[in-house]
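Student: This is what each chain is made of:
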Amino acid sequence: MSTHDDPKPTHRPQPTGQRDAEETASPPEDMVQVLSTDGEILPGAERPNLSDEQLLEMYEELVLARRFDERATGLQRQGRISTYAPMAGQEGSQVATSFALEDEDWLVPTYRDHAAKHAHGRSYASLLSHLRGYREGYAVPDDVNALPEYIPIGTQVPQAMGLAWGFSMQGEHDRAVLCHFGDGATSTGDFHEGLNFAGVYDVPAIFVCNNNQWAISMPVEAQTASETIVQKAAAYGIEGVRVDGTDPLAVYAVTRAAVRKAKHPAEGERRPTLIESCQYRLGPHSTADDPSAYRDEDDASGWEERDPVERLERYLYREEILDDETAESIKDDVEDCLELAVERAEAVETDPGRIVEHVYEEPTDRLREQLSDLAELRERHGDEAFGEVGE
Amino acid sequence: MSTTTTPSEQGAETETEPLSLVEAVRDGLAGELARDDSVVVLGEDVGTNGGVFRATEHLQDEFGPQRVIDTPLAESAIVGSSIGLALSGMRPVAEMQFMGFASPAYDQLVSHAARMRSRTHGQYTLPMVVRMPYGGGISAPEHHSESREAAYVHEPGLKVVTPSTPTDAKGLIAAAIRDPDPVIVLEPKRLYRAFREDVPTESYTTPIGEASIRREGEDLSLFTWGSSTQPALAVADELAAERGIEVEVVDLRSLSPLDIETITDSVRKTGRAVVVHEAPKTAGVGAEIVATINEEALYSLEAPVTRVTGLDAPVPLHSLEDFYLPQALRIREGVLETVEA
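Same order as they appear, the protein sequences are chains A and B. Each residue of the first sequence is one higher than the last, beginning at 1 in my numbering. Each residue of the second sequence is one higher than the last, beginning at 1001 in my numbering.
Reference excerpt, derived from the structure (chain A facing chain B, CB under 8 Å, subset only):
id, residue
1, Pro148
2, Ala160
3, Gly194
4, Val200
5, His358
6, Asp365
Over 10 Å on every C-beta distance to chain B, these chain A residues come out as not near it, computed from the model:
id, residue
7, Asp38
8, Ala88
9, Arg378
10, Phe386
Treat the hints as calculated values from the structure; they're not laboratory data. Since the structure is predicted, the reported quantities are computational estimates derived from the model, not experimental observations. All C-beta atoms in this analysis are idealised placements derived from N, C-alpha and C, irrespective of residue type, glycine included.
Let the hints inform the model, and build the full structure from the sequences given.
Tutor: In structure tokens:
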């Protein structure tokens, strides 16, 4: 399975049947959209049921996400956090999907869904703290219904299905589960097994494929011979929706409809939905990745103008929901918020004894013994000695 | 463990019924399904068909298809969805039809089930059970006879138990289901119908983490579990009758956590030890037991510890199976070699 620690690939795979690179680059047209790239409501589309205030909140969340991304990348370069998976270009979809959830709904995120997690209630400080190597950062606050990020690819799909299955078994029909994964995950067995189970047991789950066109170095055309990801939904008897993932209003609308259907399906309607959210990963796969090794800069042409932050911004200016003064104050708030998050994350402390905590509800005798051996060594040599590299 | 109960004292008027090991598994499952609404049994063919070994026979009739669930054929999703079920507040009991087919679910078990508690700092826990019939000796086709316990024992966060008697099968199933951590129950399929035993009809749990001394002895400690326990006991009886060698047979029952105290106390008493298991020798659980004896009781030893195990080869098809498994002959040779050393 790929993780952000994968070594840099040395060649670009060229399977038979791969479409040419030009086709790779251009955004697909057959997808749900609400906003034009200029931020105008498209003919036939309508503004989703969001107040001006909620739209401003969504915008602030997007600005915060973009700045968090830049800040986290900088912190990684300074050695203050470990490998980070940037989300530039994907914030619109992440924020909009979480906005479509209610507090009682569950979020099952990947390692790239920082903004989705934050919009569903996680703090950026806690996200930074696991990136600083503190497992405490994976502990989700009790009042937030989210799992910690999944690092192996696709494994979360059957688990999210099971979570939704459990809620319906227990008659908790007011809960939906939203599960994120990338285009690469659709090649794994777990994706197919999870979606198949979801269809068979008709569970209240929304599976969001964040098709950012690249699984590290592998373009989506080389990932699957399917014309689209969303068509795979048909194989499992569930609904599939393809949406422009850089259009926050469109993503919100389709996700909101899927959440409603998961909890309150109409007669004959099936609960689960697969959403293919078409986006582009503007940056590298991770801070350990160099995309110039496998893609040309103009691969992004047609996508850069679909920047989700600017797209919503243009709409808000056009509707006079946002003006320069508000935009300025949002920027200031975002900077303050990030300052605080970094400060809090850097203040987190831990203790070596915590390595053996929470392995089981009750530690085994052997774990207790190992903890006391460790404590004795620390006592005798001091913690500094543990960082020394042997001759 | 949330609650621990044991069968009523022997001699008290405990109601019992003669059950085979597979019937006791079923009885244990039925008891927990009745006791706790959050328990669900899921897997391939566990419902209408009652399981390929009949371990779940009639459970669907009794508890309905919402509690005893036939799933599509997909081991990773059976375990993966069980993780989700446990997170939602259910207590899933998943069946892997054969241990040899559990490999696709290994990723879900070790990458997620084993570490959900520790990586979330104790916030989310997985009270789930995965049952796997294991071992050979039933002339099964390829991939139906594996003993891969070491792979799961090596994974912190998982517990691994294996019964060798009907009484323990029922008690360990109940304990596993009530346990707050993920537990793998390895069921020795060779013993499923090998014999019957009077099993208490009441509900009880057999504590996880405690070995059982099946036969007391002063001359040598024989450590084993699951399917090898019966041949080990037969050999011990034979050697006592023929040569006056008294072998103490310790059925570990719980492979993770190991009952280190019982192991080392026994070695201190006898000074000699043999470990018997079906799995391949290299890096098997036997190696762990020998290492533990070295660490804790080396100076009590009067001879090197011997391992009698399966070979470091894939389990052969059944024409050669008796040469692979640690049958009575090899156990006997291993014991004599250690006693005479």
